Structure formats: structure tokens, C-alpha cells
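Based on the sequences and whatever the hints tell you, model everything.
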Amino acid sequence: MALAFQHQMLQILERPLSNSMKTFPFALLTLFLITACSEKPSEQAQSKEKISPHSFFTSNHSRNAFSVPMKHLNNAEEDLFILGKSFFSIPWVESPASTTARDGLGPLFSANTCKHCHPRNGAGLALTQNNEMSRSLLLRFSHKTSTNQMLLNKNGFEPDSMYGSQLSQNGNHNVPAEGIPNVRYTEIIGHYADGESYLLRKPTYVINNLNYGALDSQTVVAPRIGSALIGLGLLENISEKDILKYQDIKDTNNDGISGKANYAFDPESNRTKLGRFTWKASATSVKHQSAAAAHNDMGLSNPLFPLHNCSEKQLACLKEAQNEEQTFDLPQKRLDAITFYLSHLAIPKPREVIQENVQSYKKGKSLFTALNCISCHVADYTTVKAVTISPYSDLLLHDMGEGLADGRSEFLANGSEWRTAPLWGIGLYQRVSGEANFLHDGRARSIEEAILWHGGEAQKSKEQFMQLSKKERQSLRLFLETI
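Residues in the sequence shown are numbered consecutively from 1, following full-length UniProt numbering.
Calculated from the structure, these hints are not laboratory results.
Predicted, not measured: the structure shown is a model, and the values here were computed from it.
Some hints could be false.
[Stated by the list, open to error] Cβ pair distances, simulated, as ranges:
#, residue 1, residue 2, range
1, SER62, ASN208, 36 to 44 Å
2, SER446, ASP255, 24 to 32 Å
3, ASN75, ASN130, 40 to 48 Å
4, ASN182, THR388, 43 to 51 Å
5, ASN182, SER446, 20 to 28 Å
6, GLU312, THR369, 47 to 55 Å
[Stated by the list, open to error] Here are the simulated lysine-lysine pairs, BS3-like style, with alpha carbons at most 30 Å apart:
#, residue 1, residue 2
7, LYS245, LYS363
8, LYS385, LYS365
9, LYS365, LYS462
10, LYS245, LYS260
11, LYS241, LYS273
Backbone N, C-alpha and C define an ideal beta-carbon position, used for all residues, glycine too.
Listed below in C-alpha cells is the structure:
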């Protein structure tokens, strides 16, 4: 009942009042007073109490493990969590529509719901069951080099002059879709030191039916797959000092690991801030990442990205956007609800190891340190709210070598640099999403494949991994699958 009321109030508050609504402000005020007085005294007291550290975690390891709310939410916060989940999960539609709370999709878009890229809040999939390129996998566009300082300061890159920053494979009304993406894989066979073979797949991307002409000659096509969404609020709550203490741009300690922070333009504060999210750490907050995804993936205008995702040359798209109601497709309160939802997803606790595997687990944990994985995948932090977490990431940029490089720069990140991906919950990816795909484009189908693609600063660690026995490799995997 509370959710239905809240949803109704959001629609009323975020759209212009009709003449009939203007005639009874007293009734509307009365409804708000009733709602405000309905909060239980215990909830008000709870907000003043110290939140238990255990409330941020869940013992749920099912296929819904990444969708559990944190335990300390009061009734009003639970309603906001559910509201954010609904806007995140339920498909958006074109406008105008009778469903005014969810219209505004497009005119150009890649998907009509966030869960297409993040199934059950998990990592995206590279391929569908029919071996077609999944909607979880997007193609980003940017010029390989640029001298347009205004665009570099604001976007971190210069987009394609016609297609903008991302391929939209769908269009509504009279707006043609931009093109149809496809991926092909070339198999690479290799061998560990013990003689066991492995198989990697290297992707090549092709875009068919480019409806607006050829891409700019300088345009780089860069694939990006949806990442798992657990722990975002806690990552945002790590102090900058605790992140920057691992930065070692000039490798002064000579360990081969440099680590570099990315600094990105934050459209909410209108200033440059430390990047923490996305594959190249080019989003500064959960809200920034959410608003950018809504704009780029679904064509939803919002307070952080107020214009539609039409380039200056896409006249049909611009015309359609002008015909829409001149309000945000994703207004502030709905964006805030989505942000709250994503910021309060509980972290699955490390899974228990059965007795017969304890020694193997311990061996895997020691190998994780011995191979120097721990230098980038930093285990533990204490957030500014005194919560101890173990994301296994330094949130910094590292050169991962030419094998993973795609030539796309984003702010301070060059074409071969990537943010260290958090590893918590990695053993649940397949259970949550149905399959397990790793790395920025989902090319790796297992933890071992992901390690074997490491190069650059991680080259030495990869080579040492390849020297391990099969039993040792299994122990390392067991450790990683439990964290």
C-alpha cells in the first residue's frame, strides 16, 4: 500500500498539475501529513542507532543472491528500495503512452530495461542461447585521438560525429535504428607448463546495416559488457585517501605494478572527481553511473544528462525528441530511487568451504598472494562508516597489455588501461546470470580464461599461473569462487 501511494505521489510531483489538481491542494497536503506521521517511533530511533556491520551482508547464495536488500533499512527505505527496483527492472516504453511513469524510451536505444544488461543484478552475457550477440554487450564509439578539449574535459573522449558515443540497435516511431552488431570469435589454443591445453576466444565485432553512413575514420569501436552490481554503495563509501594510497604511477617500489587513479567530470557537482565505477573508472558515483546508463542505453533524459542521445547530424532523432513532452524522462526522484536501490544491495558473504576442501582453499589463498594478484585485487577496506569490506579491488587503472587493449581512452585512462574489477561474489556469476562471462567484453568463459588474458602489469603473474600444477590451479579457483 505504501509503495503504491509513493509511486502515485511521484507521478503527481514530477509532472505539471492539471487544472483539477490545482483545486484541492489541501487534500494533497493532508495525504502527505498522514504519510509523514505514519513512520513508527522505532524507525526514527533506529536511524539514530549505530547500524550493525552484519546488516550489509547476506547469506543468500541462490540465483537471487545479488538482489537482496541490506538488513538495516526501515519501512520508508524499504519502500524506496522497492520503488527503485521497479524502475530498474520493468521495461520502459515509447512516449506518449498511458504508462506515464515509464514512458520516454528512445528515440534511439539499446535496451528497454536495465536488467537486459544486468540479469538479476549480475554480470551480463556475451551471447544469447542462439549464439547471437547479447543486449548485455554494447559497442561504444570514440575517436582514437582528439584535440577537442571541451569534449575531452566533459566526456573523457570525442564521440563519433554521426553515431555519438554508443551504437543504438533500436529506434522508435520514424527514427531508424543505427545498426545491427555482431561478434565472431577466433579460437586460440595454448598449453600450461604441465601440458594441459586451454582454449581462449578472441572477439571481432562487425556492425551491419549502418543506417546513417560509415563511422568516422578515426572512430574506435569498443565493446562493454554489463558488470555485477553488488556493493556499489559500499565502494562509493571508501575514502579517497584509502584508494589513493595504492597509487604508484611511476612504480617507485619497482614491483611492476603502477596503479593510477582516474579523474572524471561529475555532471552532478559540475567538477572533476575521483572515478570509481565502470570498466575504466570513468563514473564518479552510483548516481553518475546510473544516469549515464539510462541516457546511453535507453535514451532517457535525466537531470545529469538532460539532452537526448541524438547526435547533431541525426535529424529524425532530434525531431522526435522535440515532439516529446519537455520534462525529464527519468526525473530526479526516480533517478534517486534507482540510485538508492543499487546502493543498498547486500553483499553475499564468502561461501563456506566443506571440510575436505579446507586445505585446498588455504593453498589457493596463499597462491593468490604468492602470484601477486593481491597487489591490484586489494582485499580489505574499512569504509567511512566503519564497515569492513573485501571487494578485492584497488579501484585503480592498470595497463593490462595489448591483448585486452581496445584503443578507447576515457579521461586519464588510455586504451590499454582498465580499472581492477572487484572479485567479490565472482563464484556466483554463473548461478545468478545463467552463465559466467568475465572481462570487459565477456570473452572469458571461466576464471582461468580471464587470468590467461592478463598482460601488461599482470604479465608476470599470468606466467607464474601457467607454471602451476593442475591441482594448484584448482585450489586458486576454489579460493576465488568462495570470496
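So, going through the hints one by one against the coordinates:
Against the hinted window of 36 to 44 Å, the Cβ-Cβ separation of SER62 and ASN208 comes to about 39 Å, which satisfies the hint. The hinted window of 24 to 32 Å between SER446 and ASP255 holds, with their beta carbons roughly 27 Å apart. In this structure the hint that ASN75 and ASN130 lie 40 to 48 Å apart at CB holds, the actual value being about 44 Å. Against the hinted window of 43 to 51 Å, the Cβ-Cβ separation of ASN182 and THR388 comes to about 45 Å, which satisfies the hint.
A hinted range of 20 to 28 Å for the beta carbons of ASN182 and SER446 is consistent with their spacing of about 24 Å. Under the hint 47 to 55 Å, the C-beta atoms of GLU312 and THR369, about 52 Å apart, fit the expected range. Straight-line distance between C-alpha atoms of LYS245 and LYS363 comes to about 29 Å, which keeps the hinted pair within the 30 Å bound. Distance hint between LYS385 and LYS365 is fulfilled; the C-alpha atoms sit about 28 Å from each other, no more than 30 Å.
Between LYS365 and LYS462 the CA atoms are separated by roughly 16 Å; this keeps the pair inside 30 Å, and the hint holds. For the hint pairing LYS245 with LYS260, the CA-to-CA distance comes to about 10 Å; that is within 30 Å, so the pair holds. Between LYS241 and LYS273 the alpha-carbon distance is near 13 Å, which keeps this suggested pair within the 30 Å criterion.
Against the hints set out earlier in the document, no violation occurs for any number.
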